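A.B. asks: Using my numbering, read the sequence shown as starting at 407 and increasing by one per residue.
Derived by calculation from the structure, the hints in this document are not laboratory data.
Be aware that a few hints might be false.
Stated by the list, open to error - Okay, derived cross-link-like pairs now, EDC-like style, lysine to aspartate or glutamate, Cα gap no bigger than 20 angstroms in a straight line:
1. Lys-440 / Asp-517
2. Lys-440 / Glu-573
3. Lys-440 / Asp-575
To be verified - The following label-pair restraints were derived from C-beta to C-beta distances:
4. Gly-653 / Ser-698: 38 to 48 angstroms
5. Arg-553 / Asn-658: 48 to 58 angstroms
6. Lys-440 / Gly-661: 43 to 53 angstroms
7. Val-496 / Pro-476: 29 to 39 angstroms
8. Ser-574 / Asn-618: 36 to 46 angstroms
9. Ser-444 / Gln-660: 40 to 50 angstroms
10. Ala-565 / Thr-495: 13 to 23 angstroms
11. Lys-440 / Ala-524: 43 to 53 angstroms
12. Gln-581 / Ser-693: 46 to 56 angstroms
13. Ser-685 / Arg-466: 40 to 50 angstroms
Model, not experiment: these values are computed from the prediction.
Virtual Cβ for every residue (Gly too), placed ideally from N, Cα, C.
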Amino acid sequence: MRLARLLVPALAALAALPFQVSTGQASSSGMEWKVFVSGQGARLTATSVRSFLGSDEVSRSIRFSALCNPQQPVPYLTSAVALRDRNATVPARHELRIVMENNGYISVVGDLDRIATANARDNVTRYSFPLPAVSIFFDLLTRSNSRIYPIINAGSLGAGTRLRIRESDRAKVSQFVQACQRFGPQGAAQQRSNATRPNACRDYLNGPNPYNNNEARTYSPEVVSRVCGDLRMDVRPAACMHYVMSGRVPWNRQGGTNWRPGNAADLCRESRSPDSRLSCFGRQINSGATYSAAIEVCRGT
Numbered sequence: 407m408r409l410a411r412l413l414v415p416a417l418a419a420l421a422a423l424p425f426q427v428s429t430g431q432a433s434s435s436g437m438e439w440k441v442f443v444s445g446q447g448a449r450l451t452a453t454s455v456r457s458f459l460g461s462d463e464v465s466r467s468i469r470f471s472a473l474c475n476p477q478q479p480v481p482y483l484t485s486a487v488a489l490r491d492r493n494a495t496v497p498a499r500h501e502l503r504i505v506m507e508n509n510g511y512i513s514v515v516g517d518l519d520r521i522a523t524a525n526a527r528d529n530v531t532r533y534s535f536p537l538p539a540v541s542i543f544f545d546l547l548t549r550s551n552s553r554i555y556p557i558i559n560a561g562s563l564g565a566g567t568r569l570r571i572r573e574s575d576r577a578k579v580s581q582f583v584q585a586c587q588r589f590g591p592q593g594a595a596q597q598r599s600n601a602t603r604p605n606a607c608r609d610y611l612n613g614p615n616p617y618n619n620n621e622a623r624t625y626s627p628e629v630v631s632r633v634c635g636d637l638r639m640d641v642r643p644a645a646c647m648h649y650v651m652s653g654r655v656p657w658n659r660q661g662g663t664n665w666r667p668g669n670a671a672d673l674c675r676e677s678r679s680p681d682s683r684l685s686c687f688g689r690q691i692n693s694g695a696t697y698s699a700a701i702e703v704c705r706g707t
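Kindly produce the complete structure, drawing on both the sequences and the hints.
C.D. replies: This is the structure:
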């Protein structure tokens with residue numbers, strides 16, 4: 407099971423900007439934010455711009471982008487990652503951490519975006535992942551006078567992207583977020599709950615299901631608690647739940663896929679590796695185990 411990789415052609419076009427290499431010393435640098443909104447979609451970009459002493463040359467490289475449209479209202483984010491070892495094998499999927507204030511973070515699984523990486527032509531790897539428009543991440547980017555800038559960190563793989571933003575650019579992020587909310591049902595209840603304690607897992611769970619035509623449903627607090635547990639800032643348990651509830655996972659040998667939310671929540675509870683857990687569950691079912699027994703066996707995967 408993979409997280410939905412949508413909007414790849416648009417991301418590729420977005421990243422296809424020239425990058426110039428200079429041997430001079432950088433004299434100034436900054437992050438340039440741009441937003442484009444139409445009835446067909448919305449696009450947000452943050453471009454690193456550098457100028458050099460004694461030269462008119464300017465280098466530009468898109469470090470971050472986000473896209474949404476009526477077919478995929480959940481923003482699809484792409485972030486640059488500077489590898490520590492350029493000779494190392496780059497994993498197709500890697501855990502990223504979006505570091506917030508007080509060292510809190512959102513944990514997501516990014517998919518290697520080969521097209522955006524190649525088209526950017528700056529020798530910097532890029533990973534992509536979905537993240538709800540109603541989330542602490544976008545809230546931090548739009549918060550007035552905040553001096554805290556999110557960092558999309560790749561951990562042991564390499565340095566990530568620090569999203570510095572000027573006060574005048576926060577309105578561009580707000581414009582993007584509002585467009586994505588118009589494109590799909592984020593849910594008034596989701597917005598109200600997000601205004602209290604940040605919970606990326608809950609927000610993603612109560613948002614559109616990318617595996618079921620972006621249909622959204624609001625789960626009871628009990629179900630949310632069973633799915634997310636202590637992983638409030640990790641969307642992987644919610645992604646597992648979306649996949650199961652989309653009717654793609656048989657719960658018996660007869661092929662039944664109509665899951666009760668409580669049972670699906672038990673299967674996906676605090677899952678840091680949905681692929682492994684669902685594969686384990688499938689093997690247990692095929693061997694003749696009941697769904698409850700299979701859930702118990704696979705709980706640790």
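A.B. asks: Sort out which numbered hints this structure fails and list those numbers smallest first.
C.D. replies: 1, 4 and 11
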